[in-house]
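> Got chain L; can you put chain W on it based on the hints?
So the chains spell out like this:
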Amino acid sequence: MNAHTKRDITGGLALCALALAYLWGATLIPQSTLSDEVGARGLPFALGFLLALVGAAIAVKAWLARTGTHREESAEGGASLRRVLGLLACVALYVLVAWLVGYIIASAVLLLAVSLYEDAPLNLRTFGVAGAGAIVFWLIFVKFLNVEQPIGKLLAGS
Amino acid sequence: MEIAALVAAMLFGTMLVPAALIGLVWGVIGGAMPGLSASVTMALVLPFTYGMEPMTAIVLLASVYIGAEYGGSIPAILIRTPGTNSAAATVIDGYEMKLQGRAGEALGISLWSGVVGSLFGLIALIAFTEPLSELALAFKPMSYFALGILGMSIIASMSGDSILKGIAAALVGMMIATIGIDPLSGVNRYTFDLPDLLGGVKPIMVMIGLFAVSELLRQSGGADLGSQARIAVRIVFPNFAMMKRLAKPQGIGCGAGLVEGLLPGGGGSVAAFFSYNEAKRWSSNPQEFGKGSVEGVAAPEAANNTVASSSLIPLLSFGIPGSNSAAVLLGGLLIHGLLPGPRLFEQNGDVVTGLYVGSFIATMAQIPVGLLILPLCMWMVNRPRAYLAAFVMLLVMSGVYSLNGSFLDIAIVAAFGFTGWLMLKGGYPFLPAVLGVVLGPMVESNYRRSLLLSGDDHSIFIEDPIAVGFLVTAMIFVAFSIWRERKDALARSTMKEV
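Chain order of the listed sequences is L and W.
Oh and the first sequence: position 157 is 157 in our numbering, straight run, nothing missing.
Oh and the second sequence: position 489 is 489 in our numbering, straight run, nothing missing.
Just chain L, with the same shape it has in the complex:
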């Protein structure tokens, strides 16, 4: 079984699991006395069943074609799961710092973290780019465009 087949079987089964979770959620939707015949649950139930069917069809189709001819493995997904989770961790760090100390410091932290994570050298230039970039963003968005940005819990009262 090649990577393409494994990918489609895993994807199909994941869709089935998502459909089941969604259907379970549909059972929790309250019934309203104002409801029409289809009701608030009507579409969610239909969507859940359809997704389960389509997910199963994708998995079965991939399983049946496992010994047949295969296309080249697509590299469209690019980065590995570990790299992707690392980059998302940089976003989580931004949220945490922004919540605590506000936009400008969080911006510098995000610029520095992502640059280093994306293999920029650990030198004064990278720190300078992060610091200057944060100030430029703050000037453009907060001062010039007056766009709302996080103030920071620790600085909110000051």
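Pulled from the structure, derived: some chain W residues nowhere near chain L, Cβ distances all over 12 Å:
#1 R80
#2 Q100
#3 I126
#4 L135
#5 Q287
#6 G337
#7 D350
#8 L376
#9 N382
#10 W483
What the simulated footprint calls covered on chain W by chain L, stretch by stretch (three residues with Cβ under 8 Å from a Cβ of chain L suffice, anywhere in the stretch; the number is not a length):
#11 174-185
#12 399-413
For the record, the hints were derived by calculation from the structure and aren't laboratory data.
These figures come from a predicted structure and were not determined experimentally.
Beta carbons: idealized from backbone N, C-alpha and C, even for Gly.
Same frame as chain L, now just chain W:
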């Protein structure tokens, strides 16, 4: 006189001109950066349009689209890497011209053809949009339901090599659209007692996550491309004799762009490759194609720039986005409470007129802006990818927070970014998911309203001639796409056997 006064008031009394110029500059820069497609470039500025006047916001987004289509040809010609998908056909002869020391000439032809294509597309947009939208005045809930189904049928042609995956993506998109308060009964669905979810997940969040964040995640750890572009280039604009020679391939490009823009799911890349093929077929010098033909640059560039305007025709008339970029523009309309269709022309005529005027300004400004900002584009393309990724990520975070001042929005966008990366890994297309989010509520609410009107009798859908027309068209469209998929699959397996 009235129109002239309105246009003058727009030009001098609003932010229309700055919006068109800023949008154009950002579009050219974004389009020139490999990895930032036109839709990603638009999605990055989408949240910042939230606080703008509707007309300024729409002009800005449309101008970004126009600029990105030209910008995409810059790296296509200089470093053999199309900045946008639709510039892929330009690589063939554009890069050959660069190898022959004619990069400036290729960029000039690309710029001129882009202007010709954009102008043609704009004329078509003005001519066709309002008459088509008048049709919608006769629409009943059944017609809107069927229109939603017709819009969803695009999925069949946007699903790449698996219609099943396209359907799965659309179903997930429709599921996301069910989050929030049910439009008819008022009960909460999938809100998990979070007040921020009562209003549902806004399409803009899905678009930024899927188009912009997933692209950053996909490119993480990738190599720099810019070093190849460290050459000095000056744009050489075509002279009159060359303009005459380019007229035929540009005409072919404009025709292909118009048809593809009108067809749901066509898009700039299909139009560009189709026009390249046809330009070669009708050329008196077909042997030059692939070896640095000026016509081979002109035809696809005219085509993809025509699509930038003509794809707005089904969007503004019926609210059906035929491409990713049109879907982002629809997001821009929706966040300002503007619903495409005849009411847009009646109630927000100034926005539509502003869009036409702004698009014209952006089109005409392509030449000076293209000439002036080429050095800036070259400088940007040459920046280390690590710094570019960091700045794009900060731009996304700043934009998303500005929508509602909520960290939950950032979490939602990051989650959709991760979902988008999983979809890319699994070969699932984005547009069906976006269509599901945008068209899902329209399909559901009009289906239920129709049944309320008929006392739960489904025959109401075949009693409405407009609904029947849309449903039959949708069925033909899906059947054609399935037939084409089977034919392609058969061709692939025959090739393998050979």
